[in-house]
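The primary structure of each chain is shown beneath.
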Amino acid sequence: MNALPFLRNGELINLAEIPSLPYRDFGDHLARLLSAGGRLAACFVDSPPDAGNVLPVYAVIAEDAENRLGVLRAFISRAQESLTPRIPQLHLFEREMAEQFGVVFRGHPWFKPVRFHAPWPGETDAWGRNPLDHPQVGAMHYFRMEGDDVHEVGVGPVHAGIIEPGHFRFQCHGETVLHLEISLGYQHRGIERLVAGGPWPRTPYQIETAAGDSTIGHMTAYSMVLEALAGADVPENALMLRAMALELERLANHVGDLGALAGDIGFLPTAAYCGRLRGDFLNMTALVCGSRFGRGLVRPGGVRFDCNAVRAEKLRQALTAAADHTRGALDLFFETPSVLGRLEGVGMVCREDAAALGLTGVAGKACGIDCDTRRHHGTGVFTDETIAAVTETTGDVFARAKVRRREIEQSIGLLHRFLNFRMRGPLNVPIGPSAPDSMAVALVEGWRGPIVHIAVTGGDGRFRRYKIVDPSFLNWSSLALALRNEQISDFPLCNKSFNLSYCGFDL
Amino acid sequence: MTETISTFFIHLLLLFGLSPLLAGVIARTKALVAGRQGPPVTQLYRDIWKLFRKEMVISETTTWVFRAGPLVGFAVPILAALLVPFGAMHAPLSFTGDAILFVYLLALARFFTILAALDTGSSFEGMGAAREATFSALAEPAIFVAFIVLAHTSGSLTLSSMLRPGPGGELFHGPSSMSLLLVSFSLFIILLAENCRIPFDDPNTHLELTMIHEVMVLDHSGPDLGLILYGAALKLLLSSALVLNLVLPSSGNDLVDTLVFIAGLLLLAVCIGLVESAMARLRLIRIPQLLVGTTMLSFFALLLIVR
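Going down the list, the protein sequences come from chains Z and E. Okay, so the first sequence: first residue is 3 according to the working numbering, each after it adds one. Okay, so the second sequence: first residue is 2 according to the working numbering, each after it adds one.
If you are wondering where the hints come from, they were derived from the structure by calculation, not from laboratory data. Keep in mind that this is a model prediction, so the values were computed, not measured.
A few chain Z residues facing chain E, derived, Cβ under 10 Å:
{"hint": "1", "residue": "Leu270"}
{"hint": "2", "residue": "Pro271"}
{"hint": "3", "residue": "Ala274"}
{"hint": "4", "residue": "Leu342"}
{"hint": "5", "residue": "Ile490"}
Computed Cβ-Cβ distance ranges for the label pairs, DEER-style:
{"hint": "6", "chain 1": "E", "residue 1": "Ser7", "chain 2": "Z", "residue 2": "Gly176", "range": "49 to 55 Å"}
{"hint": "7", "chain 1": "E", "residue 1": "Arg287", "chain 2": "Z", "residue 2": "Tyr207", "range": "47 to 53 Å"}
{"hint": "8", "chain 1": "E", "residue 1": "His207", "chain 2": "Z", "residue 2": "Trp112", "range": "27 to 33 Å"}
{"hint": "9", "chain 1": "Z", "residue 1": "Arg329", "chain 2": "E", "residue 2": "His207", "range": "26 to 32 Å"}
{"hint": "10", "chain 1": "Z", "residue 1": "Ile389", "chain 2": "E", "residue 2": "Gly223", "range": "52 to 58 Å"}
{"hint": "11", "chain 1": "E", "residue 1": "Gln44", "chain 2": "Z", "residue 2": "Arg329", "range": "30 to 36 Å"}
{"hint": "12", "chain 1": "Z", "residue 1": "Ile389", "chain 2": "E", "residue 2": "Ile59", "range": "54 to 60 Å"}
{"hint": "13", "chain 1": "E", "residue 1": "Gln38", "chain 2": "Z", "residue 2": "Arg329", "range": "22 to 28 Å"}
{"hint": "14", "chain 1": "Z", "residue 1": "Met147", "chain 2": "E", "residue 2": "Arg287", "range": "22 to 28 Å"}
{"hint": "15", "chain 1": "Z", "residue 1": "Met142", "chain 2": "E", "residue 2": "Leu80", "range": "48 to 54 Å"}
{"hint": "16", "chain 1": "Z", "residue 1": "Arg108", "chain 2": "E", "residue 2": "Ile59", "range": "47 to 53 Å"}
{"hint": "17", "chain 1": "Z", "residue 1": "Trp129", "chain 2": "E", "residue 2": "Val58", "range": "34 to 40 Å"}
Glycine included, C-beta positions come from ideal geometry on N, C-alpha and C.
Just need the whole structure built from these sequences, with the hints factored in.
Take a look at the structure:
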């Protein structure tokens, strides 16, 4: 076996340095790296213009303990033996490659479309559909059970609440869910293809809305990719402001999520207070950049807004007040017996399943998986910052709620430290041309988990392939697992405890 | 004769006029506890008025049963209310055994609501119907045992005497005060269960998979929905009257008694609001345990008086 090339988060690697393996060896290496504690951050097909019928596949493996990223490459044909039975983390990546490039993975146990779009231009369709037709979203064979008292319940894509569209199909025995199948793709916008060939002037706006509630996370990852490709040295001001905005985003969403959990179980005080407090945290982001979701704050090369001493003082006051109220609302929530009775032991995912599926973020931490990009792959401000691990062991709704509560505390502490920083000097640097024939990888710990952006540049230095992996992509599978043998009436609660992104999955 | 007619009139006036207010008071209480302002207490009057002026959308797969559900659900609480005294005010109608009619009138309304839900053929409404049938089967013994205690205390099977065994206020003094206390408590829990309040059901939720009662009426719209909302409000007042009868004293003055009853209703609504604010919903599989527990509570009340 050749020595594998490694890089760190936010670095680039020349494509020529990545050895090419046969797909079988690729699988061996991958299995070895994953069993040694690695996580599959991304796996995707690149499409160089002269590819023909042999496509290069890249896999990026995050080795948390070693603080490094491994890269593997293989060349595959359009009909390939599936590695999913051996490496479950690949299950969605293989389906995605099949949908985009028409690669048929033989032996894949669940070979279905992911987002229901036509294959990319010039590619064949893996399921023999007409590549010129637009497939109907959700048109596939669903898992189905037969038998006495077994019934099927379909929910969505149009929901009663104000949430994104997605279809959930339950196979139930009375009130017990035997199986849940999740079908998404209703919000597919084709962001990866829109960005390819770029960066274009409109690209930042598209990236900011890849998952609108993780604007800062996605935009920071995109900026890191471009900065790595251009070799830009981002000023410390900008790194600090990005870190602050990232923690504010985490606070707003975690507080909002806990409030929504309270709402789902009809516990009004916390639902009402957290709903308001989420707004308070969003307004703090608006105080810095004028947008509650941080649109327009982060740009490649730096940030576009300043946080001077006056603003920092205002932020500090707002943060102190909001933090006090948040603690009060959450103490009440976590100390009320009827609330705990609803959260504990519901929607369990065991650690083995979580590890096999490569769960990350809140979903993974709740199962005891210690994965935090700020902790293991820290860049910018987080390089020297010590981030304590936030993990729980039970893997139920309660564990996910508790991870959020502890991360809220952590983020408040971090922000108070960040606010002591005095901004001096420039906010951004100009970004030069990107390095040709290279790959840059950026991981950012968004509030749901690690957001992965990878760019592969062609000979002209433009993006030949741009790959985005939102933490929701793999974590949706855990919701299906959590519902096994669970009461169907607890589905909304389980769903809210993950609160995964539909558009982040659909891209 | 005139007195009977005026009893009827005042009874119905209180029933129709006040019932939507209770829902408003509950909502307002919850809002205030949660630190919000909340909708005005008259919101349900406005909602019902709005719905009565709207068009109806009726699924083509349904039959007359679908329309009958809301009508029966509205008519039944009116009939049942005529059997129940409002505090010191006598019930307009009473005869031996009307307690049994009372329980089965409510069961009739539930039966038609369930049929109307099944009539739509929707999987959600089927689930709601199954839940309602299961839980009401468990709530029925609870209310019956409570009634047995009352019948034993009063030596009568007429609701008027069962609920007002003496001049009023027996709960606080008298030989059977302990068991009456237990009965009023279990009647309060039955009120929460019958009226789909937290911890049994969440009347405010939009999550169709968690609903019991609300999911059964998802397909109703316009005036039919208005009837359902009004019927639910009537039922809430009716159940509140059951609880209040055991608690409220009587002064001998009709006007004072009426005012005391109204004040009691509003206070009870505030109590419901506080209960809803203080706790989360139960898991659906825990509901039978609470209902059986309520039945046991009434059983203890029975043991206390027959010892």
